[in-house]
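Residue numbers (my numbering), protein chains in the order written: chain E, 1 to 377; chain C, 1001 to 1396.
It is worth saying that the hints were derived from the structure and are not from the lab.
In this text, all values refer to a predicted model and were calculated from it rather than measured experimentally.
One thing to keep in mind: the hints can contain errors.
[Unchecked claim] Cβ-Cβ distance ranges computed for the label pairs, FRET-style:
(1) E:G51 / C:P1025: 58 to 66 Å
(2) C:P1348 / E:D36: 56 to 64 Å
(3) C:R1220 / E:T265: 56 to 64 Å
(4) E:H281 / C:A1280: 25 to 33 Å
(5) C:G1309 / E:V278: 29 to 37 Å
Cβ atoms here follow ideal geometry from the backbone N, Cα and C, with glycine treated the same way.
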Amino acid sequence: MDFSFSTEQTLLKDSVVRFVQDEYDFDARRKLVTSDDGFSRDNWAKFAELGWLSMPLPEDYGGLGGSPVETMILMEAFGAGLVAEPYMPTVILGAGLVEAAGSEAQKQEILPAVAGGEMMLAFGFAEPQSRFNLADITTTAEASNGGYVLNGKKSVVFGAPSADKIIVSARAGGGQRDADGVSLFMLDADAAGLARRDYRTVDGLRAADLTLDGVKAGPEAVLGDLGGALGVIENVTDRAIAALCAEAVGAMQVLHDTTNEYLKTRKQFGVPIGKFQVLQHRMVDMFIELEQSRSMTYMVTLKLDEGEAERKKAASGAKAQIGKAGKFVGAQSVQLHGGMGMTDELKVGHFYKRLMMIDTMFGNTDHHLKRFAALTQ
Amino acid sequence: MDLAFTPEELAFREEVRAFIAANLPSELSEKVRTGHHLEKEDLRSWHQTLAAKGWLAPNWPVEHGGIDWSPTQKYIFDEECAKAGAPPLSPFGLSMVAPVIFTFGSDEQKAYHLPKIYSGEHFWCQGYSEPGSGSDLASLRTKAERDGDDYIVNGHKVWTTHAHFADWIFCLVRTDPDAKQQEGISFLLIDMKSPGITVRPIITIDEGHSINEVFLDNVRVPRSNLIGEENKGWTYAKFLLGHERTGIANVADSKVRIEKLKEIARAELTDGSPLITDSAFSRKIADTEVDLTALEMTNLRTLADESEGRAPGPEASMLKIRGAELTQRIDELLVEAVGYYANPYELPEHGRNEPAVGPDYADGILAHHLYMRATTIYGGSNEIQKNIIAKMVLGL
Ligand SMILES: Cc1cc2nc3c(=O)[nH]c(=O)nc-3n(C[C@H](O)[C@H](O)[C@H](O)COP(=O)(O)OP(=O)(O)OC[C@H]3O[C@@H](n4cnc5c(N)ncnc54)[C@H](O)[C@@H]3O)c2cc1C
């Protein structure tokens, strides 16, 4: 057992922490998220230059072959800065799917371009009726003229407004919630028949709802096995869950530190409010939730490459912990700041909003408790 | 003991229901349902509708336009208003400063202010909190110094709800810097048009605007605007607290929102079945509804005591504590219920002209949830309310 970082990992950590401190302070971030793109393309180019976009990608395709630990280090620091660049949709989800399921030609086309910062991706998996069930798919892919025609809707696709290619799940067979028949298609963002409704989300990110109305896809657009893609989707979303947990830990750490500091400096009744025992205990509960979350994040990060059952259990356990901890730490940080905590000007509320959305992403605490129970009973 | 309504009460309920149905514009109830920050005109129009009907001020003495409703009638009225999505009346004039004025005010103050509050001509805001004085309100520093027939007021109030459109503000100010904290405070009525007052908006985490900072820079206030005696302001402020207690449980509104929650949980699907049939989720709804039912009964017991002349004591803090907790719990479940569609954040209030991205019922859910985080902070935070019960009720 070893929970320490290697020298390279420590260097990576230092560089990304420094980037967030120097170039991603709260005011800079607020400006970014209200810009048209909602993030900075200059930052994206810098991410490419620093090797962050290529970090988890395989070496044969312009990547650095980093392990989930490197991803965890990056994501935790991104969480501490509420980094808005679409790293998760492009690198973790999009490139992750291509790496896991793509053909040689697809990998050659996509992965180096992602690594170099020239291509952004998004992954549409949810639908209006699907809630958190990845197999609940009504979008259809019908064979036609040697290719496919896609019809359906995809909900709240993060990163879609800036994506060059959008991967969607669609059903090439089987019943609405069957594992069998689930397929992946990689579409050009400007494909005919693909309509996007772009919007801002509460945490300042960008997403879109997609309508697919007779979108034509050639055979080269199919990612992985036609009808057999559910396993890949689950694998990649579990990896995304690990990354998201790390992001949440970074965000919670900021809330923890900021609130703890406030308890020492804010005075009421002639003393720092941190002297009131009820607030001390609340702060201790926040501290415990943060540490438990960090532990679960390590656990899932280190188990991603174990067998499928172990991986799923780890991902669901971690996500359940992160969801409840994030909401608790977020809400209590607002509460302990009193009126200040309610203001848009203070960063606390922004971290709270991100943590609330993290709970929903890839299934909330209830969903993952259920999945965990099913795997462990 | 009897829980059933009498035939007269049932008839009253029908009358209230019919009146609201005929007089509440649907655009207004829609704004209320989707959790908008209401504008002055929204508040005023409903205020004036009720004033015209004579149903505005059940807490006022009849000679000033009040109505002699029983606690049950008040309860029925509140319940029907909430169900129909009527806007909450702005409390600062009607239920906060007015009782102080008709109890402690001078004849001139009564004659001038009460009719204007009643008619909706004047809206009020509450200038208590300051940057350094929130929970510890008695430490407030805004000072009022005598200058002939006037006070000169200097200070900084914060979190002041509706200050951006209020006509008047009632302030706690320090008039004796040498006295013990609570004994040097006075209760002053100030015209918001007075030179020297600046209002700066505060945008809250839901991106809405209801609260403000108010800067008072050499504001000249006639001494005739002092309530009661100088340096007795704390007593009046405490009286006011006692007066605004029964609505604080927010039961009527929470009942409406729990129905909305069930409606959404029936429409949302999980694995092909309505979310409401999911055992984990339905259990959370039931758990919350049981707590709400208990709170409703506790609230009714308080109302009944009040009608027998026993003013609610410090134990009424529990209404505020549990009421705020339930408001927040229901809102959290609403956010959970709509799943991914809690994310999109472009509201009609922010100028969106298109239909909602997700289902209509998801619109505004998250914004409401975010603003309601304040219910455990304002009007005495939950921590402070618990301190009150521990000390005043339990003797700890
Ligand atoms: C949306 C909103 C609307 C408001 N409207 C108005 C208004 O119209 N007029 C007005 O005058 N004010 C208004 N307020 C102000 C409100 O009353 C104060 O925010 C509240 O009194 C808390 O004060 P504070 O913000 O300074 O927090 P603080 O008093 O600094 O409290 C910070 C934290 O410390 C805790 N704490 C403080 N003292 C103790 C203690 N002794 N024991 C345990 N815990 C303690 C608090 O519970 C809180 O969690 C409003 C506030 C909000 C958020």
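> Can you name, in rising order, the numbers of the hints this structure does not satisfy?
Replying inline: Result: hints 2 and 3 break, sorted rising.
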